[in-house]
Every structure is written in C-alpha cells, then in structure tokens.
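Trainee: Given the structure of chain A, go ahead and fit chains B and C onto it with the hints provided.
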Amino acid sequence: MHISEHPVLKEKSNEKVFFYFNNHRLEAKKGQTVAAALMANGIRKLGVSRKLSQPRGLYCSNGRCTSCFVTINGLDHVISCTTLVENNMQVFSNNNDPEIRGEKYGN
Amino acid sequence: METDLLIIGGGPAGLHAALTADRAGARVVVADESFSLGGQLRQQTQWLSNLPGQYGYGKKRGTWVNEQLINQVGASNVQVLKKHTMIGSYLNGNIGVSDGDKTFEIQSRKNIIAPGAQEEAKVFPGWTLPGVMTAGAAQILINREKVLPGKRAVMVGSNDFSLEVARQLNSCGITVEAIVEEKNQIICSDGELVKTLENVPVYTNSTIEIVTGAGEVEHVVIQTPDGLKEVNVDLVCIANGFSPILEPFEIMNCHFVYQKELGGWLAAYNIHLQTTNPSCYIAGNAAGITDFGSILLTGEIAALSALEAMGFISSAEGTEQKSRCWRELANLESEKVLQARTEMLADYHQKHELDLPDYFMKIKGGKMYG
Amino acid sequence: MDKSTIVCRCEEINVDEIETAMKNGAETFDDIKRLTRCGMGPCQSKTCLNPVREIIAEYTGKPLADIRISRMRMPLKLVRMSALTNGSEGGNVASVFGESVEDGETNDE
Chain A
1 MHISEHPVLK
11 EKSNEKVFFY
21 FNNHRLEAKK
31 GQTVAAALMA
41 NGIRKLGVSR
51 KLSQPRGLYC
61 SNGRCTSCFV
71 TINGLDHVIS
81 CTTLVENNMQ
91 VFSNNNDPEI
101 RGEKYGN
Chain B
1 METDLLIIGG
11 GPAGLHAALT
21 ADRAGARVVV
31 ADESFSLGGQ
41 LRQQTQWLSN
51 LPGQYGYGKK
61 RGTWVNEQLI
71 NQVGASNVQV
81 LKKHTMIGSY
91 LNGNIGVSDG
101 DKTFEIQSRK
111 NIIAPGAQEE
121 AKVFPGWTLP
131 GVMTAGAAQI
141 LINREKVLPG
151 KRAVMVGSND
161 FSLEVARQLN
171 SCGITVEAIV
181 EEKNQIICSD
191 GELVKTLENV
201 PVYTNSTIEI
211 VTGAGEVEHV
221 VIQTPDGLKE
231 VNVDLVCIAN
241 GFSPILEPFE
251 IMNCHFVYQK
261 ELGGWLAAYN
271 IHLQTTNPSC
281 YIAGNAAGIT
291 DFGSILLTGE
301 IAALSALEAM
311 GFISSAEGTE
321 QKSRCWRELA
331 NLESEKVLQA
341 RTEMLADYHQ
351 KHELDLPDYF
361 MKIKGGKMYG
Chain C
1 MDKSTIVCRC
11 EEINVDEIET
21 AMKNGAETFD
31 DIKRLTRCGM
41 GPCQSKTCLN
51 PVREIIAEYT
61 GKPLADIRIS
71 RMRMPLKLVR
81 MSALTNGSEG
91 GNVASVFGES
101 VEDGETNDE
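Residue numbers (the UniProt record's numbering), protein chains in the order written: chain A, 1 to 107; chain B, 1 to 370; chain C, 1 to 109.
One chain only, chain A, in its complex shape (with noise of 0.2 Å):
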C-alpha cells in the first residue's frame, strides 16, 4: 500500500507510472524501484529460490542480496530493488535460473 500522507516528508510528486508483472496491469509511482512497486500493489513473493523453489522476496533493499531477483523486458535475474520502474515494463517473477544452453544462445 502507498503511503498517502507521510508523517515527515512532503511528496514531491505525484506522476503515475503503469506497468506489468506477469501480464497484469499494475499503477506506480514514478521514480518507485520495481520491488517498492510491486509491493505497494500488495505484491511481495517476487520469484523463488533456485534450488528449493521457495518463495523470495525483497530483502536487503540496497541490491546486495540478489533475494529479489525478476524478470525485467525479457532479461533474467534483474535486482528489482535497484531498479526504477517504467512506463509499460513487462515485469515477471523469478522462477527459474536463465536458460543459457537454449537455442536463443547457440547451444
């Protein structure tokens, strides 16, 4: 949820950003993070983890941990806490290590 009235800082803006997570329309703030984003839109599993398939979300918030991990206009395991959403960017969980050996690669 965003927070409508801080109790110390005044908002500078208001400018909404529209994008995507796994194909659903979502609303932002400008100048948000991806992860900020998605959770403000009640969004907080955002991929899982590579062996166990558990569940991950933000953590360390300063892109040091790589627990927040999605997909961002096709490109895999972008750290979403360091990210600044944008207008129409097409957002997926993290569900799986990238596919290097696939035919997209050569291999």
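A partial selection of chain B residues facing chain A, derived with a Cβ cut-off under 7 Å: (1) 35; (2) 45; (3) 130; (4) 131; (5) 133; (6) 134; (7) 137; (8) 140; (9) 141; (10) 146; (11) 147; (12) 171; (13) 172; (14) 215.
Stretch by stretch, here's where chain C covers chain A in the computed footprint (C-beta under 8 Å, at least three residues): (15) 40 to 52; (16) 58 to 65.
No lab work stands behind these hints: they were computed from the structure.
Ideal Cβ positions, reconstructed from N, Cα and C, are used throughout, including at glycine.
Mentor: Frame of chain A; chains B and C shown alone:
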C-alpha cells in the same frame, strides 16, 4: 576516464570528501551504484545531533543534510557517475566500473573508497520468507518509496537503529507487535526513544523460533523465558547491527584487521585514513561503524590526506586541517567507538613504524593513550 | 536452532550442511564454500558472511576475531557478460583466476 581523485560511494562520507577535494581545486569523480546520491542518508528522517561545526550545532534531519550535500555537489565541479558500480580493478591499479551496459577503467591519482556498511543478518527458520527484511529495507520502503511494507510487524533486535525504525514504522501506521531481544535487556541507549515505544511488548532473553506463512510472512513464534509466544504479523524486520563493507578493499589488496567495536573485520588504515594500498583511502562506516558526524569527518580527513599527497594543499595546511578534524571527531564520537578506533590506529602505526603526530597524541588531553 | 535452517540464502545451504563440511575437515569459510557452494551464489557471500563465521566460531570454540572472511573476487557485483565485453576498453584486468595472495598467506594486518 581520467581524474585526480576517484571516490567510490556517493553517501555522506563520499560526498563530503568530494566537496572538500573540489574546493581545493582537484578534479573529482564520484561513482555510485544507485540512481541517486546520498546512500543510506536518503531515508534517515530522524533528527541527527552531534553534527560537525559547519552544519551548525543544532539538530537536523538526515534527509535535510542529504539535500544540502547533494545541492552543494550539484553546484560544484565534481563529476558524478550514478548507476556506476565498482566491479574490480585492473593490473595497473585502476578501478573498473560498470554502468550495466559497458565496463571501463578510471585512471586516478588517488582513490577514496567509501562503500558504507551492510546490515547484519540474523538467521532463524523462515528468515527467507517474503516479508522478512532488514530494518533498513523497511525504512527505505517507508521513507524513500512511500510504501508500507506491512501492517503488523515484529522487530528482531533492540539496538538504537531497531528502535528508531520501529518508531518510524509506527508513525506510518504500522503496528509493532513485539520487539525481540536475545540479550537480557534492551540495547538501545536512547531513553527518550525507548519511551516512545513504551506500549510495545519487549521480549528479552528471547529469539525467533520460526516464521511461517503461505508464500509470505503470516505467523511468528517467539521463544521467551516464559514459553512460546505467537503473533500474527506480515512483517519481520531484522536489525542485528552493521558491519563495514569489505569487498572493494579486498580487490584493491588492502589488509584487514578485526576490531569488534568498529563492526568486525575492516580495511586497516592509518591516521591519514590511508589503507595499506597507498593509493586507496577509506572513509565513512567502512572505516568503522560510527555516528553521522564521524562519517562526515572521516571523509574530510581522507580527502585532506589525498589532497596533501597530490600537492593540492601544503603539508602544513593538511596537518592543521586534519588536526582540527580529529579533535572534532574525538568530541563527537561515542567513547567506545573512539577507543576502538584509536587502539586500531595505534596498533597500525606501531606495526608500520609510523609516528603518531603530536596533535593526535594530544586529543582529549592525551587521555586516549593513557 | 533447527539444523535445517537456511544460512546461505542463494545456494540454500543449511546449518547441518555447514557443520557436516567441518566434520569432514573444513576449517575456513573458503573450505566450506568449496565443499558445499555456501556463499557461491549471486550475492557472493555478502549476506551469509558473518552468520557462517558465527557457526564456525561456535563449532570450533574459537573467538570470532580468529575466524577469517571468505575470499572475495571479481566481479564484485552482479554484472552481465555483455557489459564485461561490450565497449570495454582493453585494459588488463587484475588476476581473476590466479590468487594475488599465495597459499597459506593472508592479507591480515
């Protein structure tokens, strides 16, 4: 790319160092991995006291100081590289940065590495579930992103930062259901801060037994001396203290020391904030976890040392300015951290057979050195 | 604590696996890393560094000050292969495979 001084990290230490060097006429590049400057200062809405003289002696909000630093950097000749991450070094000693599309080296005469601190994890069953995050992450969400990370929270840890974040979560409408501390009492030294949370149950001598939920946090079991306590929450914040970030220093072949009160392992340095790699200086929380005033002052000392080494200021001026900074730092910094820092510095100087200058020995009337 | 608790979030290595590695002769974080992949995932032990050190300290009875950190290598942060090759200037990157520190030598002060 080529410059006189390269600063890795655009948080308060890096920015303050950049401004100091810019004023002396050096060409300065600041590289920061984020899309905006300020580092962790960006979300510190609380009042900071003990600021160095130039910010006035009154209290200021962290976010206000951050704006001042960014505005000053904007009005200076400092070249800022946002979204540029240090990823390694080249054989010639140059630092390599990447902007995500390309990688290049920056040739500099001196470097100041100011990557800051990281939050320490606390491992318990279920800590990998979405909804479990560091206290700093929750603070970023409310203050930078203006997003609520949950409605009901458990705070793991009771240090100054834990309680400050708990208070801020509360002020945004999140109910803090419990503060869980494994020690036998609240760690926070700020009585006023503790008082603002007097309605929150504090469980001392307690640990998290398990966090469960279907795909995200729903339920927390706390092991207390009176048995198991269960709470239904959707947010668990881990505040287990900070430790200096190490990896850029390892890649620059800097030596490390262990100093518990400074946050554990850290790159060793002398009173000029110079590491064992003569071209690399250190500043901010990476040089030991401390308060905000000392973060700025270590940045200033590192910049003055680099300026002196490059000939932008005379050795006499460097000594005079650094002596002022150290005196100010000794007055601001908490006794425990200052003690650990001076101990580490004395060891370093002894080991490398470097004299400690007179001004340093006289800090606090020489009391620090018995 | 439950021995099945995950310590390394990336490679999902639990307390039991770390202790088993030590039973099998691992003494340092790097030994554990090589035996289990603990700390070898995308975060490169940034998150589990000190939790693992604490487990080593507890298991060996040594003070935390004596438990060294894991060896950190380039690239320091997640970076695409394309960013490492595209448009890179042809400088010589400092040793990635060879160690700048000889076997048994540490860079402790």
